[in-house]
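Please build the complete structure, drawing on both the sequences and the hints.
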Amino acid sequence: MKRMLSFALAGVMALSLTACSVQDNDSSSDGSGQSMGDTLESVTITTRNGASQLVELEVPYNPQRIAVMDLAALDILDKLEQGHRVVGVSKGSYVDYLQEYVSDDNIVNLGTIKEADLEATMACDPDVIFIGGRLSSSYDALSEIAPVVYLATNTELGVVESVRQNATTIASMFGLEEKVDELMAGFEGRITALQEVSDGKTAIIGMCTSGSFNVLGNDGRCSIIGVETGFQNVGVDANIDTSTHGNEASFEFVVSKAPEYIFVMDRDAAIGTDGAKLAQEIMENELIMGTEAYQNGNVIYLDHPAVWYTAEGGITALDVMLSDLETKLLG
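Adding 27 to a residue's 1-based position in the sequence shown gives its number in my numbering.
Heads up, some of the hints might be wrong.
Derived DSSO-like pairs (lysine-lysine); straight-line CA-CA distance at most 27 Å [as the list claims (entries may be wrong)]: (1) Lys141 / Lys118; (2) Lys284 / Lys355; (3) Lys355 / Lys228; (4) Lys284 / Lys228; (5) Lys304 / Lys141; (6) Lys118 / Lys304; (7) Lys304 / Lys355; (8) Lys284 / Lys304.
Calculated from the structure, these hints are not laboratory results.
Listed below in structure tokens is the structure:
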């Protein structure tokens with residue numbers, strides 16, 4: 028199947044390569060002032076395969092043409108000032124701070140973060156491809172085109188440390204590891220300040236989707252609230268998997284847990300669902316309005332749901348997520 032795919036797409040690449048008109052960078056420099064003559068041709072990094080298993084992968088050092096199908100990876104590349112190397116991105120889902128990559132006509136549309144356009148990707152002739160978990164099933168097909176870097180957030184490690192490690196992995200492809208410390212400076216202090224608010228406090232963390240409220244554990248989206256900032260998540264037993272979209276819960280369940288805080292992420296707003304109820308419309312019912320959390324002003328709506336839902340794992344995304352919490356918790 029892979030050989031057939033490569034054969035079928037080869038002609039498309041020959042005809043369409045001009046569509047990816049971003050010019051290659053000067054090969055005499057790696058973007059950090061080093062001579063290419065003094066650098067490696069490749070570097071081995073730790074990444075994931077299509078089964079989400081950690082593997083060692085050899086990738087080009089100082090890649091000139093990059094295809095990106097993951098918002099977190101694009102965020103990190105952007106902060107490392109390597110965005111000029113990007114020749115194609117998934118343009119179906121984007122956040123405002125990465126909008127320039129969508130509006131640039133020289134950067135080719137590679138589909139969405141859930142469904143890759145294999146023909147467009149091959150036509151871009153990338154040196155390396157970045158994907159997220161939503162495209163893990165396309166890992167093998169994309170690997171026929173170029174090495175595929177698949178990085179993810181490890182909730183046991185924590186979002187902040189995951190971002191640091193993933194940024195370091197990407198930076199190592201350009202010899203920019205020292206820049207990561209600069210970019211990550213300050214995050215730990217911000218977490219500590221939030222921990223002073225959360226100390227001893229209980230919370231339910233969830234998301235509104237299709238008119239329902241789904242509770243989230245500490246194993247997936249929004250895990251930074253329970254894992255790093257320190258709120259005691261009473262919504263889900265630690266052994267229950269909620270990593271995808273959480274588990275639907277009744278409002279009676281929320282009332283029974285009597286949380287001091289309720290954190291709400293609006294999935295429908297994040298993905299632009301037409302005609303969907305706003306999270307506030309769903310949550311502000313008689314039951315929730317009778318809770319201690321509501322009466323104390325502690326129902327916290329996350330202001331940038333698209334970042335929380337689609338872009339977690341990037342450096343700018345981490346800044347935005349912490350700012351959402353700080354605005355509501357630190358005043």
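Results of checking the hints against the structure:
Restraint check for Lys141 and Lys118: satisfied, since their Cα atoms lie roughly 11 Å apart, inside the 27 Å limit. Between Lys284 and Lys355, the direct Cα distance comes to roughly 22 Å. Compliance with the 27 Å bound is thereby established for this hinted pair. Our distance criterion of 27 Å between C-alpha atoms is met by Lys355 and Lys228, whose separation comes to about 15 Å. Between Lys284 and Lys228, the direct Cα distance comes to roughly 13 Å. Compliance with the 27 Å bound is thereby established for this hinted pair.
The straight-line distance between the Cα atoms of Lys304 and Lys141 is roughly 24 Å, inside the 27 Å bound, and the hint therefore holds. Among the hinted pairs, Lys118 with Lys304 is consistent with the structure: their alpha-carbon atoms are about 25 Å apart, no more than 27 Å. With a CA separation close to 22 Å, the supplied pair Lys304 and Lys355 stays within the 27 Å bound. Between Lys284 and Lys304 the CA atoms are separated by roughly 25 Å; this keeps the pair inside 27 Å, and the hint holds.
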